[in-house]
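Taken in order, these protein sequences are the chains called U and H.
Quick note on numbering: the first sequence equals residues 68 to 178 in this note's numbering.
Quick note on numbering: the second sequence equals residues 8 to 115 in this note's numbering.
Just so you know, the hints here were simulated from the structure itself, not pulled from any lab data.
Errors might be hidden in some of the hints.
Unchecked claim - Below, simulated DSS-like cross-link-like pairs (lysine-lysine); rule was C-alpha separation at most 30 Å, straight line:
#: 1; chain 1: U; residue 1: 81; chain 2: H; residue 2: 75
#: 2; chain 1: U; residue 1: 124; chain 2: H; residue 2: 75
#: 3; chain 1: U; residue 1: 111; chain 2: U; residue 2: 76
#: 4; chain 1: H; residue 1: 60; chain 2: U; residue 2: 111
#: 5; chain 1: U; residue 1: 124; chain 2: U; residue 2: 76
#: 6; chain 1: U; residue 1: 76; chain 2: H; residue 2: 62
#: 7; chain 1: U; residue 1: 111; chain 2: H; residue 2: 75
To be verified - Computed beta-carbon distance windows for the label pairs:
#: 8; chain 1: U; residue 1: 155; chain 2: H; residue 2: 89; range: 17 to 23 Å
#: 9; chain 1: U; residue 1: 82; chain 2: H; residue 2: 72; range: 30 to 36 Å
#: 10; chain 1: U; residue 1: 72; chain 2: H; residue 2: 60; range: 32 to 38 Å
#: 11; chain 1: U; residue 1: 107; chain 2: H; residue 2: 63; range: 24 to 30 Å
#: 12; chain 1: U; residue 1: 75; chain 2: H; residue 2: 23; range: 39 to 45 Å
#: 13; chain 1: U; residue 1: 111; chain 2: H; residue 2: 51; range: 27 to 33 Å
#: 14; chain 1: U; residue 1: 124; chain 2: H; residue 2: 71; range: 31 to 37 Å
#: 15; chain 1: U; residue 1: 93; chain 2: H; residue 2: 80; range: 16 to 22 Å
#: 16; chain 1: U; residue 1: 136; chain 2: H; residue 2: 17; range: 14 to 20 Å
#: 17; chain 1: H; residue 1: 89; chain 2: U; residue 2: 77; range: 37 to 43 Å
#: 18; chain 1: H; residue 1: 57; chain 2: U; residue 2: 79; range: 41 to 47 Å
In this text the structure is predicted, and so the values were computed from the model without any measurement.
The C-beta atom is built at its ideal place from N, Cα and C for all residues, glycine as well.
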Amino acid sequence: NAGVTQTPKFRILKIGQSMTLQCTQDMNHNYMYWYRQDPGMGLKLIYYSVGAGITDKGEVPNGYNVSRSTTEDFPLRLELAAPSQTSVYFCASSQNPDTQYFGPGTRLTVL
Amino acid sequence: KNEVEQSPQNLTAQEGEFITINCSYSVGISALHWLQQHPGGGIVSLFMLSSGKKKHGRLIATINIQEKHSSLHITASHPRDSAVYICAVGTSGSRLTFGEGTQLTVNP
Chain U
68 NAGVTQTPKF
78 RILKIGQSMT
88 LQCTQDMNHN
98 YMYWYRQDPG
108 MGLKLIYYSV
118 GAGITDKGEV
128 PNGYNVSRST
138 TEDFPLRLEL
148 AAPSQTSVYF
158 CASSQNPDTQ
168 YFGPGTRLTV
178 L
Chain H
8 KNEVEQSPQN
18 LTAQEGEFIT
28 INCSYSVGIS
38 ALHWLQQHPG
48 GGIVSLFMLS
58 SGKKKHGRLI
68 ATINIQEKHS
78 SLHITASHPR
88 DSAVYICAVG
98 TSGSRLTFGE
108 GTQLTVNP
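Let the hints inform the model, and build the full structure from the sequences given.
Next up, the structure:
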């Protein structure tokens, strides 16, 4: 199993541009999560999903959107990129509220 | 005040030393997690516990529910243990609240 995969690994955006961060898991997990990690700060939950077709906001959802049309995929959409969204983004999945498996991360810079 | 506080923020040790990282939390929890973030950025889960103690190799995690406190111990530390160790608590449903992490450096 590949586990949790994320693409791209790195990306530089200009202010106002849009992009989608991709996340796929092959473990048939119900739960999926998007986090951001800023330097010196703990991981913050952006959005999460408890199953296909169900998503909910986390602590810091503003400026982001998600969808969960399949069990495997949980893309994160940035519509109008801002410098405050410069961060490292991690996707994770779990089977029920259990041990979470993390993807390798996407390092995003907004200039 | 953060809901999850870790101490110390930074820790430097010599190879072979016994290491303790502490985590205190201020909310009711369903479970507590310890994670390791490698220098390259990858995050792996080490332990999930809701009571008592768990051991895996040289790593031991303990939790005291009454005192809202957990410790992660590393015995016979090695330079490859150098990483950021993160405490996280499960509160509502599947959501986790994370501490800021403890940067551990083990020198040969």
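Going down the list of hints, with the structure as the test:
1. This hinted pair does not check out: residue 81 of chain U and residue 75 of chain H have alpha carbons roughly 44 Å apart, beyond 30 Å.
2. Note on residue 124 of chain U and residue 75 of chain H: the hinted pairing holds, with a Cα-Cα distance of about 27 Å set against a maximum of 30 Å.
3. For the hint pairing residue 111 of chain U with residue 76 of chain U, the CA-to-CA distance comes to about 19 Å; that is within 30 Å, so the pair holds.
4. Taking the CA atoms of residue 60 of chain H and residue 111 of chain U, the gap is near 27 Å; set against the 30 Å cutoff, the hint holds.
5. Pair hint residue 124 of chain U plus residue 76 of chain U holds up; C-alpha atoms about 24 Å apart against a cutoff of 30 Å.
6. Our distance criterion of 30 Å between C-alpha atoms is broken by residue 76 of chain U and residue 62 of chain H, whose separation comes to about 33 Å.
7. For the hint pairing residue 111 of chain U with residue 75 of chain H, the CA-to-CA distance comes to about 21 Å; that is within 30 Å, so the pair holds.
8. Taking the beta carbon of each, residue 155 of chain U and residue 89 of chain H are about 19 Å apart, inside 17 to 23 Å as hinted.
9. Taking 30 to 36 Å as the suggested C-beta distance range, the pair residue 82 of chain U and residue 72 of chain H does not conform, at roughly 47 Å.
10. Remark: the range hint 32 to 38 Å for residue 72 of chain U to residue 60 of chain H is upheld by a beta-carbon distance near 34 Å.
11. For residue 107 of chain U and residue 63 of chain H, the hinted distance range of 24 to 30 Å is satisfied, since their beta carbons lie about 28 Å from each other.
12. Between residue 75 of chain U and residue 23 of chain H the CB atoms are about 41 Å apart, so this pair conforms to the stated range of 39 to 45 Å.
13. Hint check: residue 111 of chain U to residue 51 of chain H, Cβ distance near 19 Å, so the stated range 27 to 33 Å is violated.
14. In this structure the supplied range 31 to 37 Å holds for residue 124 of chain U paired with residue 71 of chain H, their Cβ-Cβ distance being about 32 Å.
15. Between residue 93 of chain U and residue 80 of chain H, the C-beta spacing of about 34 Å breaks the proposed range 16 to 22 Å.
16. Restraint check, residue 136 of chain U to residue 17 of chain H: a C-beta distance of roughly 43 Å breaks the suggested window 14 to 20 Å.
17. The given range of 37 to 43 Å is broken by residue 89 of chain H and residue 77 of chain U, whose C-beta atoms sit roughly 24 Å from each other.
18. Range check, residue 57 of chain H to residue 79 of chain U: about 42 Å between beta-carbon atoms, so the 41 to 47 Å window is met.
Of the numbered hints stated above, those contradicted by the structure are hints 1, 6, 9, 13, 15, 16, 17, listed in ascending order.
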